[in-house]
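J.: Given chain A, put chain B in place with the hints provided.
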Amino acid sequence: MSYIPNTDAQRHEMLKAAGVQNFDELFERAVPRKLWDNTEFKMPPPLSELEVSVLLNELSSKNICTSEIISFIGAGVYNHYMPAAVNALLFRSEFYTAYTPYQAEVAQGTLQSIFEYQTMVSEILGMEVSNASMYDGATACAEAALIASAHTGRNKILVPRTLHPNYAAVTSTYLSGLPIAVDTLPASDGLIDIESAMKMIDDKTAAVLIQQPNFLGLLEDVEPIIESAHKAGALAVMVVDPITLGVLKSPGEYGADIAVAEGQPFGIPQAFGGPLLGMMAVNKNLVRRLPGRLVGKTIDSRGNEGFCLTLQTREQHIRRNKATSNICTNQALCALAATIYLSLLGPGGLKHLGELALENSHYAYDKAVNIKGFSSKFDSPFFREFVVETSVKPSKLIEKALLKGILPGVDLSVFDIGLDNCLMLAFTEMTGKTQIDKLVQVLSGL
Amino acid sequence: MSVEQLKYTKEHEWIRVEGEIATMGITDYAQGELGDVVFVELPGVGTKINQMQPFGTIEAVKTVADLFAPVSGEVIEINALIESSPAIVNSDPYGQGWFIKIKIADKSELKSLLSYNEYLPLIKG
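Residue numbers (the numbering used here), protein chains in the order written: chain A, 1 to 446; chain B, 1 to 125.
If we strip away everything but chain A, and leave its shape as in the complex, we get:
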């Protein structure tokens, strides 16, 4: 099929029908003079393919890639090793060029890959049902609030100050057109203030959101919050870092009603913060509120195993304005990357990866807090990320360290959470002792 929608002859015919000589005349007659913008565009001359290639390479070389430096950037998007098999399989054109057919069941391979994804996600999150994925962790978090409100018939969502600020902002945006109030649970010392939480959770609360580990990398005391949510008839929504789940308790084990996670650590590059992968799982009692797609396994009229979209017509085709959500798609390619990644890793690999992140971050912490001008900000247990207070502005530190090939972390002053002289460092299997020693050496010398 040609992507040029019409021929010169057809255009001529259209102009003739409109009674004009050419397109300029058409626009002159169609658009009132006063609306014309007469700015002269200074467009560069046309370039050859070779010239375009040189230009674009020149531009892209201005980026700093994590393969060229040592990065401790995290805050929701992490630098993990991507096994070669992930992209080798992912970039098969059957996967990356395909848009799901409108009769989804025609693409049994796609549906099977989504089914496998759902199976892995439910196992990791410890929940009964996973959907086919969502855009990212932040929108999954917002959708969880919608489920909770629809399920409980209540309209207050409690969002802790320790939730990723971007997640909190996306949740507020999602709920802004609805009669749902978003209240902030205060924090003390980097953790949810349990006493305030107990007071704020009441019979109007639809859901309490809890991030574990929280935005600052710290481990929240999850149990009493979930218990008090349930006592009040509210749902508990947990936001987790899936890399930690080989080591930490899963949302299911904590008794969460809805679990959401950012799936990016599973074989998806940091890539300027996207595309990402929203994971979402619930227990069976909420399955009819689950937004997006859900793939089921069934048997056809001849007794053969097959895969099909389940409960989808109800939400999008029939419920329409009354549906929990109007997301009609999923993040298929990123979900496939995660599926391939997890199948390579296995449960043992996931646990090992979590242990490496944990060990590396603690090795680094002990060293970092002893560097002159750096001090520990919080005392609570953390998993793979920690915050240090710095005597020099973090933005200055980052600028200087970059010249020595180190991206030392995230400057928390970019978030409006009152942590202005704070730097947050993240650790993965990519930042072992060698990289950490180099970090400490560079930070000590600044």
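If you're looking for bench data, these hints aren't it; they were derived computationally from the structure. All values reported here derive from a predicted model rather than from experimental measurement. All residues carry an ideal CB built from backbone N, CA and C; glycine is no exception. One should not assume that every hint holds.
[Unchecked claim] Under the rule of at most 20 Å between Cα atoms (straight-line distance), these lysine to aspartate or glutamate pairs were calculated in the EDC-like manner: (1) 48/B <-> 203/A; (2) 322/A <-> 18/B; (3) 62/B <-> 300/A; (4) 322/A <-> 11/B; (5) 297/A <-> 116/A; (6) 107/B <-> 41/B; (7) 400/A <-> 359/A; (8) 284/A <-> 83/B; (9) 322/A <-> 66/B.
[Stated by the list, open to error] Residues of chain B placed beyond 10 Å of chain A at every Cβ, according to the derived structure: (10) 21; (11) 29; (12) 39; (13) 45; (14) 51; (15) 104; (16) 119.
T.: This is chain B only, laid out in the frame that chain A set:
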């Protein structure tokens, strides 16, 4: 109580009034139009419902429809059998397939409901 003694809504629901209590379900015509019922979402006991406002949903294989309250009042009982075997809505719509029992708030609302003879023309032709 026979179908002639029940009261009906234009939304193809029936109620059986016994004193202060109304038992509610959907008509045989409605179950036939919907096809195989696979799920019914009902409010919890204690929920206050308002006449002709949606209070739940009924889901068949190919469609989902709202359930409208025939009278205002408080839900005092829900049919637990519907959750485990929603097909009873198809097989016994006036009997085992009832949905909820409502404590009627205002008996004068009953006047706005249809008698059997008034309901019949709605499902003919």
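J.: Check the hint pairing residue 322/A with residue 18/B against an upper bound of 20 Å on the C-alpha distance.
T.: 34 Å, violated
J.: Taking the shortest Cβ-to-Cβ distance between residue 45/B and chain A, state whether it exceeds 10 Å.
T.: 13 Å, holds
J.: Classify the label on residue 51/B as holds or violated, using whether its beta-carbon is more than 10 Å from each beta-carbon of chain A.
T.: 19 Å, holds
J.: Examine each Cβ of chain A, and state whether all of them lie more than 10 Å from the Cβ of residue 39/B.
T.: With a cut-off of 10 Å, residue 39/B comes too close to chain A, as the shortest Cβ separation is near 7 Å.
J.: Does the structure keep residue 284/A and residue 83/B at a Cα separation of 20 Å or less?
T.: Distance ~13 Å between residue 284/A and residue 83/B Cα, so the pair holds.
J.: When you check the alpha-carbon spacing of residue 322/A and residue 66/B, does it fall within 20 Å?
T.: 10 Å, holds
J.: Check the non-interface label on residue 119/B: least C-beta distance to chain A beyond 10 Å or not.
T.: At roughly 25 Å from the nearest Cβ of chain A, residue 119/B sits farther out than 10 Å, so the non-interface label holds.
J.: Mind verifying the non-interface call on residue 21/B? Its CB should be farther than 10 Å from each CB in chain A.
T.: Answer for residue 21/B: holds, closest chain A Cβ roughly 23 Å.
J.: Does the alpha-carbon distance linking residue 48/B and residue 203/A stay inside the 20 Å limit?
T.: Judged against 20 Å, a Cα distance of about 16 Å means the pair holds.
J.: For a C-alpha distance cap of 20 Å, please report whether residue 297/A and residue 116/A respect it.
T.: Given that 20 Å is the threshold and the Cα spacing comes to 10 Å, the pair holds.
J.: Need the status of pair residue 322/A, residue 11/B: alpha-carbon distance at most 20 Å?
T.: It holds: about 18 Å lies between the C-alpha atoms, which stays within 20 Å.
J.: Keeping to a limit of 20 Å between CA atoms, is the pair of residue 107/B and residue 41/B held or broken?
T.: Violated. Residue 107/B to residue 41/B sits at ~26 Å, over the 20 Å cutoff.
Against the hints set out earlier in the document, violations occur for numbers 2, 6, 7, 12.
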